[in-house]
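Trainee: In case you want the letters, here they are:
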Amino acid sequence: MKIRFKLNGREIEAEVEPNTLLLNLLREHLHLTGAKYGCGIGECGACTVLLDGEPILSCLTLAVEVDGREITTIEGLARDGELHPLQRAFLEEGAVQCGFCTPGMILTAKALLDENPNPSEEEIREYLKGNLCRCTGYVNIVKAVKRAAEEMAR
Amino acid sequence: MSMWINRIDTHILPINFQYHAPKTLEEALKLLAEYGDEAKILSGGTDLLVKMKQRLIEPRHIISLRNLTELRGIREVEGGIHIGAATKLREIERSQIIAERLPLLHEAVKAIGSIQIRNMGTIGGNLCNASPAADSAVALMALGAELHAQSIEGERIIPIENFFKGPGATALKPVELLTAIRIPPPPENYGWAFRKIGRTSLDIATVNAAVLLTLRGGRIDLCRIALGAVAPTPVRAVRAEEHLRGREPTPELIQEASELVVEDISPITDVRGTAEYRVEASKALVRDALNLSIERAGGGGR
Amino acid sequence: MRQSFRFIGRSTPRMDGVAKVTGREIYASDIYLPDMLYARVLKSPYPHARVKHIDVSGAERLGAVVVTYRDVPDVVYCPRLVSTPEATYKDWRVLTGKPLYVGDPIAAVAAESEELAQRALEAIEVEFEVLEPSFDPLESMRPGKPLLHERIRYMGEEVEVENNIACTMEIEQGDVERGFEEADVVLEREYRTNRRYHCQLEPKTAVVRPEPGGGVTIWTTTQSIHNTRLLIHEIFGIPVGKINVVKTALGGAFGSSIQTNIVVPIAVALALKARKPVRLAYTREEDLHEHCAYQMIFRLKLGARRDGRLTAGSLEAILDIGAHQIQAYPLLGCLVGWWVSLYKLPNLRYVGKAVYTNKVPSCAMRGYGNPQITWAVESLMDELAEELGLDPLEFKLLNHVGLGDLFWGQGPTVKSIIKSSGVEELVRRGARLIGWDKRPKPGAQRGRYRRGIGFGRGFHTSSAGAPVPGTVVDYTGAMLKVNEDGTLDYVTAMMDCGGGTLTAHAKIIAEEIGVPLECVNIVRADTQTTLYDVCTHASRGVYAGGAAALQVAREVKRKLLELAARVLDAYPHALKIRPDEERGQGVIYVEGVEGREITIGELASMARHKNWGTIAAVASVRQGSCPPHFTAYFVEVEVDTETGKVRPIRVVAGADVGRVINPKLAEGQIHGGFAMGWSMALLEDTPYDPRSGDLLNKGFITDYKLPTARDLPPLEDFQVFFVETEEPTGPFGAKGLGEGALNPVAGAIANAIYNAIGVRFYELPITPDKILKALKGGERR
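Chains as they are written, first to last, in our numbering: chain P, 1 to 154; chain G, 155 to 456; chain V, 457 to 1237.
Derived from the structure by calculation, the hints contain no laboratory data.
Fair warning: there could be bad hints in the mix.
[Unchecked claim] Heads up, simulated DSS-like pairs for lysine-lysine below, C-alpha to C-alpha not over 25 Å straight-line:
no.	chain 1	residue 1	chain 2	residue 2
1	V	K1101	V	K1226
2	V	K1226	V	K757
3	V	K1154	V	K1226
4	G	K327	G	K184
5	V	K508	V	K554
6	V	K1154	G	K205
7	V	K897	V	K1229
8	V	K1015	V	K1066
9	G	K194	G	K184
10	V	K757	V	K800
11	G	K327	P	K2
12	V	K875	V	K800
13	P	K6	G	K184
14	V	K1101	G	K264
15	V	K897	V	K1232
16	V	K800	P	K146
17	P	K2	G	K177
18	P	K146	G	K327
[Unchecked claim] Stretch-level coverage of chain P by chain V, calculated; a stretch enters the list once three of its residues show a Cβ under 8 Å from a Cβ in chain V:
no.	segment
19	2–8
20	42–55
21	63–72
22	102–109
[Claimed, not checked] What follows is a set of in silico ranges between Cβ atoms, one per label pair, in the way DEER data are often shown:
no.	chain 1	residue 1	chain 2	residue 2	range
23	V	E1219	G	Q250	45 to 51 Å
24	V	K1232	G	E309	48 to 54 Å
25	G	E342	V	R904	28 to 34 Å
26	G	I211	P	G9	45 to 51 Å
Here the structure is a predicted model, which is why all the values come from computation and not from measurement.
Backbone N, C-alpha and C fix where the C-beta goes; we use that ideal spot for every residue, glycine too.
Chain P with its partners taken away, still in its complex shape:
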């Protein structure tokens, strides 16, 4: 089946099977390996991408279902080589350790800040609870999201 969708700002076309998962389309066919397989059943959030700006699980999404929609992956977040404030804040606050959860975590945080530019700590924690991290205990991640929100407000 042929599908067309916008990927990181670019129109693309792809040939997929009905059972092709969006995650595998991105990673194996489009060579965007930022989204990770962590569990395959929607529990960990490592495969998070943005669909029309909203975080979704690409491991539970049929590729055919994104036909005509817009997908943003972590690779599409930095524009013209300039890191997104969230990416900078994750670096500065030491919010990255092994980094495997980071792409999904940053994308979910982006959706949060797009929707709510000044979230409370509780709102941040609630919004990020679908992205598991085994390294950081989330402390520096929450700090990074707060910092990015402050920077973006300037």
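Chains G and V: place on chain P using the hints.
Mentor: Quick look at chains G and V alone, frame taken from chain P:
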């Protein structure tokens, strides 16, 4: 089944099926009529695809609701509030109407999964998955919701009470599609509460409970208590409700009612909790939910 | 002192950070090669069985390449190569015809797509003879129980296994009986730990490419590229030089890849047969059937006099190791080491037994038995203090193993003297910050919500270095060379599991030489281009790895100064180097003489033009000591006595890690350690279904819960502080941190729960179910 472990590959969806994305409801119903048992409805996919990956179901046809905009949306209608079955959980969570008119549903929906899950999952999917632990189900039970099912034969209305038939089983016939949920307008000055216990903040409920009640002259009038994950389907705590009706909500009465909950539940022990724990937690949740509801209904509370 | 450092002690972003936040970092599971086949593994559905018949023709008809237990080399091995042969038992094969747990690999297929490979896998037919399984180590040890392994290999010989006991260790010092007689109070308790799963975010993966000439290139999730290489040599006989294991980023490990994961030899076998690259990526469910932490049963007895002095201790430990030995014997040694290095025991007896069961093989998990025994000891010391009428803080401080004491955390063959300790200050400052004096009396509260404060302290080693060789391999290698523009290439085999190890190395190099941090380029290397490093484990990354980095930096600096002295017409020892951020490199100058300077880039270019050669250094370094880093946790919890739920209220965590190299990343270790300890205490376990013999959750993490961002304390209620000491044997005085950050957490939480509700728990995890049951029964021991 003994080689089941080798049939799981959650990297992929190791099942071949035909994918249909009907443009109209009529088209969808025709497909259902044609394929019946062999077809599954794809609404959000967060339960369906997991079950397929776990090889619990292997549909030959997938009928996607993605193009059926008529199955989406929330609006006030005569006789209550109408929610299209394919409405995303996030949309319900964000809806002004729901937040103001049905805060109980708002809170229950917010308790479902993660942001990602709620961006994908739909209210109809949450109900049709028929998990005994479904958070939306207990809220809709307390709210006395009616479910609209359609087939090419026509429409029928199923009270939510009669909808669940067991884990994963509903009253829907294979040719029927859940199209809408209709919630009657809640009574004046009602009190409500939703409570959930999971192992973590991101979990299927070990136990969940929803309460809706009204007070008249300082006595409990209308009262609905629904519990999840403590029986093969979400259940009403009928004995407790009866005990409360027409009486003044004292701490003793609440305590008695919470003890009566055991009459209507039949919890099991599984990896998420023991039966004994579910009994104790049910009582605690019902107590909490009743107290909060009474307070919200303008009663003295605890 | 601190001000004199330019990089050490200041927070700097990790050097692989940009790649990680932009999704450009490459993990083993991100490797896809041209013409690559996808592999799938046929796993045993039974916990104990024998394959009577296997028919792979269906898979082959689909075009898949298949290997079974009959096709792999007849080699019995141990997948972990950290210990010397004296401490290594071997009981593994690449694939098996006698599966010992649900999930044990029997055969594997490779095909052009994962879909096809999966179809091929499902086309394999196997007939099993089902054998009697054993899931409980105490059951397993009963005479007459079926043996998992009849014979295993040790030092090149076959040895018989009796009663499923994989190995044992006994140690006695002093006169234990007399010690207990001298005590005024003796307490004896039995503790049972949970069977946790690492749940590192990246499931185990191996990608193997056969090379012309018979070699292989391997990308895999590993904590040790060199040990992976040596193991593949041992199993397949491929010359070491023809095996190249390439470093990739690692999506967490926590000990689960100290050993070479089973995906590696299976993928090698398939790639050799297929003569094509093979990718074997485990699913999460397979990963949960691949490894778990050691579950332990302790019978722990401690005696003390009224004055608070411990007089004797005895520990009987039974380790449920699952179906294979990965490092059971070395663990028996470490376990006693962790135990005796917490508190001074003038008389002690230890009996450790590791027992086979038909469950997923156990391996090290952050702390390597230390979190388990520290939970038990910290619980019993708390209990003992109460019996003695002493403040647990004072009781523990009085008896703790500290400065000047003999320390053998890494076991009886790794002994050294403690030369730095901040224990006393950790405890005192932490107590002040949490308000220890104001904590409630245990069990005195009555309301629904009850709060309590608990204290736990602990340590972990920094490396397994020692003055004498012992039975643990512990050394590392480093290379450093100066490029023509003044940048430096730093080459090490050491892996960064996420802790920021290699960033710390870069800071040590930049500090020592005097160059901007950005000048240090961490080379993504492989086994062919690096010196041997044993493994990133034992919290040795900064202490042991950093020591090698420091040594090559010193050597390069010496050479730079020597060459610069010629050019600047000055004496080498009178020259200085400063990092010049504007010029983006180091500048060598003569102090006090203006204009007499040269950049490192100019000097390196000159060295090239004048044919002086590359300015470089190489070193293989062994640390002659094994200093403990210390931690102390004060945790306040709230118990809901109606639901049994426990909520974190406040955490104060202190650490003595010697000199802090990178504060934010160091704090991150504490944050992560607390989160892991929180769920160790309250949440995590992998119980088995005795009927199917499989994990109750069948491998789905739907039922292996980890805390989310919502389940942990708010920022302002999580306080971390460091007590800086100067470890004389560490690079710039630094020690380790990764494991000490976790070890005392469960003990502190258990003590806090006791303080809140007056009930002690002797089994982990402390679930709401157990709490309600205990409260209902009024149980209080």
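Trainee: It remains to establish, for every hint, whether it holds in the given structure.
Mentor: Quick rundown of the hints versus the structure:
1. V/K1101 x V/K1226: holds, 10 Å
2. V/K1226 x V/K757: Since the Cα atoms of V/K1226 and V/K757 sit roughly 24 Å apart, the hinted pair holds (cutoff 25 Å).
3. V/K1154 x V/K1226: holds, 23 Å
4. G/K327 x G/K184: holds, 14 Å
5. V/K508 x V/K554: holds, 9 Å
6. V/K1154 x G/K205: Holds, because 14 Å separates the two Cα atoms, which is no more than 25 Å.
7. V/K897 x V/K1229: holds, 22 Å
8. V/K1015 x V/K1066: holds, 15 Å
9. G/K194 x G/K184: The hint holds at about 13 Å.
10. V/K757 x V/K800: holds, 14 Å
11. G/K327 x P/K2: violated, 33 Å
12. V/K875 x V/K800: holds, 17 Å
13. P/K6 x G/K184: violated, 32 Å
14. V/K1101 x G/K264: Holds: V/K1101 and G/K264 sit about 21 Å apart, inside 25 Å.
15. V/K897 x V/K1232: Measuring from Cα to Cα gives roughly 20 Å; hence the hint holds.
16. V/K800 x P/K146: It is violated: about 46 Å lies between the C-alpha atoms, which goes past 25 Å.
17. P/K2 x G/K177: Between P/K2 and G/K177 the Cα gap is close to 17 Å, so the pair holds against 25 Å.
18. P/K146 x G/K327: Between P/K146 and G/K327 the Cα gap is close to 50 Å, so the pair fails against 25 Å, i.e. violated.
19. 2–8: Contact hint for the segment 2–8 of chain P vs chain V: violated, 0 residues under 8 Å.
20. 42–55: holds (count 3)
21. 63–72: With 0 residues closer than 8 Å to chain V, the segment 63–72 of chain P misses the three-residue bar; violated.
22. 102–109: holds (count 3)
23. V/E1219 x G/Q250: 45 to 51 Å: holds, 49 Å
24. V/K1232 x G/E309: 48 to 54 Å: holds, 50 Å
25. G/E342 x V/R904: 28 to 34 Å: Cβ of G/E342 to Cβ of V/R904: about 32 Å, so the range 28 to 34 Å holds.
26. G/I211 x P/G9: 45 to 51 Å: The hint (45 to 51 Å, Cβ to Cβ) is violated, given that G/I211 and P/G9 are roughly 37 Å apart.
Going down the numbered hints, you'll see the structure goes against 11, 13, 16, 18, 19, 21 and 26, while the others check out.
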